[in-house]
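Use the sequences and the hints to build the structure in full.
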Amino acid sequence: MATGLATFMDGYNTFMETKSDPRTKDWMLMSGPVPLLTILITYFYFCTTAGPRWMKDRKPFDLKYVLMVYNAFQVAFSIWLVHEGLQAGWLRDYSYRCQPVDYSDNPLALRMAHACWWYMFCKIVELLDTVFFVLRKKNKQVSYLHLYHHTLMPICAWIGVKFLPGGHGTLLGVINSFVHIIMYAYYLLAALGPEVQKYLWWKKYLTTLQIVQFFIVFLHSAQLLIYECNYPKTIVFLLLINALYFVYLFTMFYKKTYRSKKDV
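For the sequence shown, the working numbering begins at 1 and goes up steadily by one.
Hint data in this document are derived by calculation from the structure and do not stem from the laboratory.
Mixed in with the good hints, there may be bad ones.
[As the list claims (entries may be wrong)] Across the chosen pairs, the derived CB separations fall in these ranges:
1) V212 to L152: 15 to 21 Å
2) L152 to K25: 30 to 36 Å
3) N106 to I226: 27 to 33 Å
4) Y205 to T7: 48 to 54 Å
5) R136 to E17: 41 to 47 Å
6) Y227 to T7: 36 to 42 Å
7) Y199 to L37: 39 to 45 Å
8) K19 to I39: 21 to 27 Å
[What the hints assert, rightly or not] Result set (DSS-like, lysine-lysine): computed pairs, CA atoms no more than 27 Å apart in a straight line:
9) K25 to K233
10) K19 to K56
11) K19 to K233
12) K56 to K137
13) K198 to K233
14) K255 to K204
15) K233 to K138
16) K138 to K19
17) K233 to K140
Yeah, the Cβ is synthetic: ideal placement off N, Cα and C, and Gly gets one too.
The following block contains the structure:
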């Protein structure tokens, strides 16, 4: 058993040394998967077990002003991420058909790599969405879709920063950040109270926008199965499978939430 573990660790270390991007290995949280996994395990345990247990006999926290500041921050952060993604590549010389990763120290390549890291950091900050649900005793909103989405996105972003900080897959981050500008703007307005909430008739279209973004990601990734491109096919397949699964999950959520209300 010890020999098997040693062989596994040797293989793991070799893989990390030969496949990871040396430019990002010394960045915060990028030495290995343990720091991020520790954050996510702690998050999952708190939001599914420790948090609800702790809140059981307590009144929900009034987080109105905290949420206003948090949502405003997320809007500003998402605007900046879209700007960085566009200026580092997608409004410049990036190809929408095939864009390999530039592993050089070119200023724009490094700018995109840094944008990828900040995108990962943004996904970690978004874990607070669920924490706030728990503290406000909105436990029904801590659904499988919500937990899956918030747990998987930081992992995907970490993989991107570690191995592919640039190139074709970064369009996902730009589109996702654009969607989050609208989504967190909605949450910011909703946090202002009932006087404003009655005008927010467009909530269901946020789910539609989520579905559309994953369709775009699917189509953009599927091109690489047709055209020859120096971009890992394994990552392409993972993007395709994940995009389809998210389309399914958000479609089911839309039907359950809005079609059922209409039927009633």
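Comparing the hints with the structure gives:
1. V212 to L152: 15 to 21 Å: holds, 19 Å
2. L152 to K25: 30 to 36 Å: Given about 23 Å between the Cβ atoms, the range is violated.
3. N106 to I226: 27 to 33 Å: holds, 28 Å
4. Y205 to T7: 48 to 54 Å: holds, 52 Å
5. R136 to E17: 41 to 47 Å: holds, 45 Å
6. Y227 to T7: 36 to 42 Å: Cβ of Y227 to Cβ of T7: about 38 Å, so the range 36 to 42 Å holds.
7. Y199 to L37: 39 to 45 Å: Holds, at about 42 Å.
8. K19 to I39: 21 to 27 Å: holds, 23 Å
9. K25 to K233: holds, 23 Å
10. K19 to K56: Violated - the C-alpha atoms of K56 and K19 are around 46 Å apart, more than 27 Å.
11. K19 to K233: holds, 14 Å
12. K56 to K137: holds, 8 Å
13. K198 to K233: violated, 47 Å
14. K255 to K204: holds, 10 Å
15. K233 to K138: violated, 40 Å
16. K138 to K19: Violated, because 42 Å separates the two Cα atoms, which is more than 27 Å.
17. K233 to K140: violated, 38 Å
Comparing the model with each earlier hint shows violations of hints 2, 10, 13, 15, 16 and 17; every other hint is respected.
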